[in-house]
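K.L.:
This is what each chain is made of:
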Amino acid sequence: MSQRPLLFNYATADVANNQKLLCSAIKPHPIVVLRKNPLVTIVNPLPIPGTNYGVNFAAQIVEAKIDFHPGNQFQLPAELNPPLAVQKLGIKVRVCAGIGCPPRDVIDKYIPPPPQPDMERPPRDEQVPLIPLPVRQLNCFCLDAFVTGGMRIVNYYGKPYLEPFLDGFEIVDIKPEGLEESIECYVILLLKLSVLPGLRILLKDMIFNLTQGSPDLFPTPTNIVISPMPISPALSNNPAIEEDQLKAFIKVEVI
Amino acid sequence: MAHLTIAASEKVFTGLFEAIRDNFQLTRSDSRDFGPFTASYSLKAHLEDGSLDLRADNTIQIKELDIKWDKLDLTLGIDIPEICVGGFCIIPIPFDGCLLRAPKICVFSKDPDISFTLPLGGLITSEISVTASLLTKYAINPNRPAGMNDWDAQDANPSLANHWQLFIDPKFLDVDLFDISDMVGDLLENAVDAAIDNLLGFLPGWARDLVKAIIGSAIGLIRKILDIGDDIQEWISDLLNVSFGILDFILQLIADYLANKTPIQEIEDPYPIMPADDNPNPGAPPKIVPVKIPIRDLKVYNDDKEMVIQGNVG
Numbered sequence: 228m229s230q231r232p233l234l235f236n237y238a239t240a241d242v243a244n245n246q247k248l249l250c251s252a253i254k255p256h257p258i259v260v261l262r263k264n265p266l267v268t269i270v271n272p273l274p275i276p277g278t279n280y281g282v283n284f285a286a287q288i289v290e291a292k293i294d295f296h297p298g299n300q301f302q303l304p305a306e307l308n309p310p311l312a313v314q315k316l317g318i319k320v321r322v323c324a325g326i327g328c329p330p331r332d333v334i335d336k337y338i339p340p341p342p343q344p345d346m347e348r349p350p351r352d353e354q355v356p357l358i359p360l361p362v363r364q365l366n367c368f369c370l371d372a373f374v375t376g377g378m379r380i381v382n383y384y385g386k387p388y389l390e391p392f393l394d395g396f397e398i399v400d401i402k403p404e405g406l407e408e409s410i411e412c413y414v415i416l417l418l419k420l421s422v423l424p425g426l427r428i429l430l431k432d433m434i435f436n437l438t439q440g441s442p443d444l445f446p447t448p449t450n451i452v453i454s455p456m457p458i459s460p461a462l463s464n465n466p467a468i469e470e471d472q473l474k475a476f477i478k479v480e481v482i
Numbered sequence: 039m040a041h042l043t044i045a046a047s048e049k050v051f052t053g054l055f056e057a058i059r060d061n062f063q064l065t066r067s068d069s070r071d072f073g074p075f076t077a078s079y080s081l082k083a084h085l086e087d088g089s090l091d092l093r094a095d096n097t098i099q100i101k102e103l104d105i106k107w108d109k110l111d112l113t114l115g116i117d118i119p120e121i122c123v124g125g126f127c128i129i130p131i132p133f134d135g136c137l138l139r140a141p142k143i144c145v146f147s148k149d150p151d152i153s154f155t156l157p158l159g160g161l162i163t164s165e166i167s168v169t170a171s172l173l174t175k176y177a178i179n180p181n182r183p184a185g186m187n188d189w190d191a192q193d194a195n196p197s198l199a200n201h202w203q204l205f206i207d208p209k210f211l212d213v214d215l216f217d218i219s220d221m222v223g224d225l226l227e228n229a230v231d232a233a234i235d236n237l238l239g240f241l242p243g244w245a246r247d248l249v250k251a252i253i254g255s256a257i258g259l260i261r262k263i264l265d266i267g268d269d270i271q272e273w274i275s276d277l278l279n280v281s282f283g284i285l286d287f288i289l290q291l292i293a294d295y296l297a298n299k300t301p302i303q304e305i306e307d308p309y310p311i312m313p314a315d316d317n318p319n320p321g322a323p324p325k326i327v328p329v330k331i332p333i334r335d336l337k338v339y340n341d342d343k344e345m346v347i348q349g350n351v352g
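These protein sequence lines map, in sequence, to chains A and B. Note that this note's numbering has the first sequence beginning at 228, numbered continuously upward. Note that this note's numbering has the second sequence beginning at 39, numbered continuously upward.
Bear in mind the hints are in silico, worked out from the structure with no lab data behind them. Among the hints, erroneous ones may be present.
[Stated by the list, open to error] Here are the in silico distance ranges between beta carbons for each label pair: (1) B:212 to A:443: 30 to 40 Å; (2) B:220 to A:443: 26 to 36 Å; (3) B:93 to A:399: 35 to 45 Å; (4) A:370 to B:346: 40 to 50 Å; (5) A:443 to B:265: 32 to 42 Å; (6) A:381 to B:95: 39 to 49 Å; (7) A:370 to B:207: 48 to 58 Å; (8) B:223 to A:443: 30 to 40 Å; (9) A:308 to B:209: 50 to 60 Å; (10) A:400 to B:93: 55 to 65 Å; (11) A:443 to B:140: 58 to 68 Å; (12) B:60 to A:306: 52 to 62 Å.
[Unchecked claim] From chain B, some residues computed to sit far from chain A (all C-beta separations above 10 Å): (13) 88; (14) 127; (15) 267; (16) 330.
Glycine residues also receive a C-beta, built at the ideal position from the N, C-alpha and C atoms.
This is chain B alone, in the form it adopts within the complex:
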């Protein structure tokens, strides 16, 4: 029989899961130049819903945890090939050039020529499911000098004590990151139309009609420049997932939080069970050392009702 047993009910885990979920906040922004266009995003997200289940096979399952995108603004800056209209001769001089020419007007000379922001926050839903198991690791403080005893390590500021650490080790991580609404197509088309109308607004009517006749449909041009195929949702999803790596970034964040960076609990080893105390005898030293018990063979497992940590002391 193990010397030490700590058990925590599923109710405790559910409470901890809800607390961690409700405190989670993600903010990030980035921008890239893709040649014919530039793109940037700014996002802010939190977590909602989901459930935690301790399972009989020594795993924990978190299901249908929603990422709520409070803000996910995707800004596209597009360089449209320059188009010039006018400049043709109205009154020619035979054999000697032109007496009067129509004015020449060029548009789309800047880079980027148009820029617009797609507010995708309300149009995207994302969901995470995780199957994980609990594990313990023994962490030797990397800053602790060789040969330092446990009492000197505890007295150091900051402490150089070693720890047993309890982690959630993800076995299966499923992130359905961007389920983008069909409405994003209309959103993009309207944004492009508005941006081009705004850009051409200074032209006289005949010139605006001429430019539009040359470029055809605005969205068609933008699709061509951006190399968008038939599926706008897929293109935006690829842009966010692959080009910006948001999927990898979020997966890495979750994996790091769960497995590497943050133990959900740490237990100092050896564990101080009685603090330092005053020396009851006259003379030095003024304090006597704390009483510490070494913890060994610490292991953790769960069934469908509780999590159990067991170890030996001494």
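Okay, chain A solo, but in the shape it has when bound:
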């Protein structure tokens, strides 16, 4: 979270440029500051339908705690059917978010007058960039949320990736139920479509020359390749989440 904070922090450009507005201060690793890496992923403002205006906002995952099966680090909420299922992991996150609602006197300045008579309107399908409304502070709130999921090896472009997946998400204590479900739906979309894909790890076939330091004794390299073990009757899960560990089984071949 400290070395790649932009995977966990999303905000509009105005908020990104004035990070005192964020709901929770980001504590980046020194290298992130040294290399001038961004702390947040910049996203478009929330559009106000019927206008060219948008509202600044930020959404942040500020804490995360992970628990491998069998669950013993935190209690899952009833909605996620505890205890943690076999071969699954649980994540407890604290999500903070807020929108930058301008003061009412400022809003009034943006109320559009009626259209001028005889003035030609732009075509309806014309894409006009959103104009973010000015922001002085975000109206922040924080929620605890629980995720259940696992890890799997999936091939993309013929190469295996280790990727996290999500199969349960629950935000605690939001009413009414429809609002909770809507927010959960949105966060699930955010996690599945944005955050988790960024956490994939390419499992490259790693080649090592065991005798590279002694070319006089080993004129030809002694190469081995390390790659993930395929699932088989003898290996039903790879990676496996069990005994409070994430286990990856690899095979070593001499090439």
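Assemble chain B onto chain A, guided by the hints.
P.N.:
For chain B alone, kept in the frame of chain A given last:
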């Protein structure tokens, strides 16, 4: 519980051992002047057979690994004391010298006078047994400037990253280097006879017989010059082991390979788990840094079934 555990089965180790064994090749030559004789050798060897065993006492045992000498040619150049025959007076002139003398012929005037090569490759068997344990070392890159951060170290070309290294640390190394066949005595005697016959071949029969009568048995002379005692095998073994230091050389090679020079595995620290990526935001910088996790307290051990590496991250 350690944060990170990597286990490798004995089968994996056996496969690695066989691969390293089959790729091993040793070639070397050297020569020395020992005064009355010179010696040189030229060798080429590979490894065969042997077995690897993970043991319950946290050691690894390699047993009965054979060194196969594809070539081990020992060339000896010997300086035999000069012998002159003839030159005696056939028809003397009383009180006034000699009217006719027999021709004087000298042999063994060069240095060395004879040179022959003993092809020992097929007559020597050698065997290595090693008991070792696995160990980890933290290697700080000696070329890395003080204060350089891990990301700059990784970006440097060549990389200046630090590493955890996994070594095989030999505890007991037994090299039965030269078990020399009895046949080497006959080989030496035949080579010496042939070399002397060849050297004396230009002499007339009477002179050759005379020289041979003077020197006695050729092998006896050579044994005396070379200071070979009763045991030719022991003398050759000492020559190769002690004088040329082949034993030390091979022991040093094995120890260096196992313990100092060549880790069997290296793990960069901190370990990059996510590569550098494109900056998703407009503007600089174009890339964001890789994500790296520090590895600490890395240790390795084995029982009779598997090798285990454990460490903590963060």
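K.L.:
With reference to the structure, classify each hint as holding or not holding.
P.N.:
Outcome of the hint check:
In this structure, residue 212 of chain B and residue 443 of chain A break the distance hint of 30 to 40 Å, their C-beta atoms being roughly 23 Å apart. For the pair residue 220 of chain B and residue 443 of chain A, the beta carbons lie near 34 Å from each other, so the given range of 26 to 36 Å is met. Judged by the Cβ atoms, the range 35 to 45 Å given for residue 93 of chain B and residue 399 of chain A is violated: they are separated by roughly 53 Å. In this structure the hint that residue 370 of chain A and residue 346 of chain B lie 40 to 50 Å apart at CB holds, the actual value being about 41 Å.
In this structure the hint that residue 443 of chain A and residue 265 of chain B lie 32 to 42 Å apart at CB holds, the actual value being about 34 Å. Take residue 381 of chain A and residue 95 of chain B: their Cβ atoms lie about 42 Å apart, and the range 39 to 49 Å holds. A hinted range of 48 to 58 Å for the beta carbons of residue 370 of chain A and residue 207 of chain B is consistent with their spacing of about 53 Å. At about 34 Å, the beta-carbon gap between residue 223 of chain B and residue 443 of chain A stays in the expected band of 30 to 40 Å.
In this structure the supplied range 50 to 60 Å holds for residue 308 of chain A paired with residue 209 of chain B, their Cβ-Cβ distance being about 54 Å. Between residue 400 of chain A and residue 93 of chain B the C-beta distance comes to about 58 Å, which sits within the given range of 55 to 65 Å. Separation of residue 443 of chain A from residue 140 of chain B is about 59 Å and conforms to the stated range, judged on CB atoms against 58 to 68 Å. Between residue 60 of chain B and residue 306 of chain A the beta carbon distance is about 59 Å. The supplied range of 52 to 62 Å therefore holds.
Listed as outside the interface, residue 88 of chain B is consistent with that label: its C-beta sits roughly 16 Å from the nearest C-beta of chain A, beyond the 10 Å cut-off. The claim that residue 127 of chain B is not at the interface with chain A holds, since no C-beta of that chain comes within 10 Å of its own (minimum 64 Å). A cut-off of 10 Å between C-beta atoms confirms that residue 267 of chain B is not in contact with chain A; the least separation is 35 Å. At roughly 7 Å from the closest C-beta of chain A, the C-beta of residue 330 of chain B falls inside 10 Å, breaking its exclusion from the interface.
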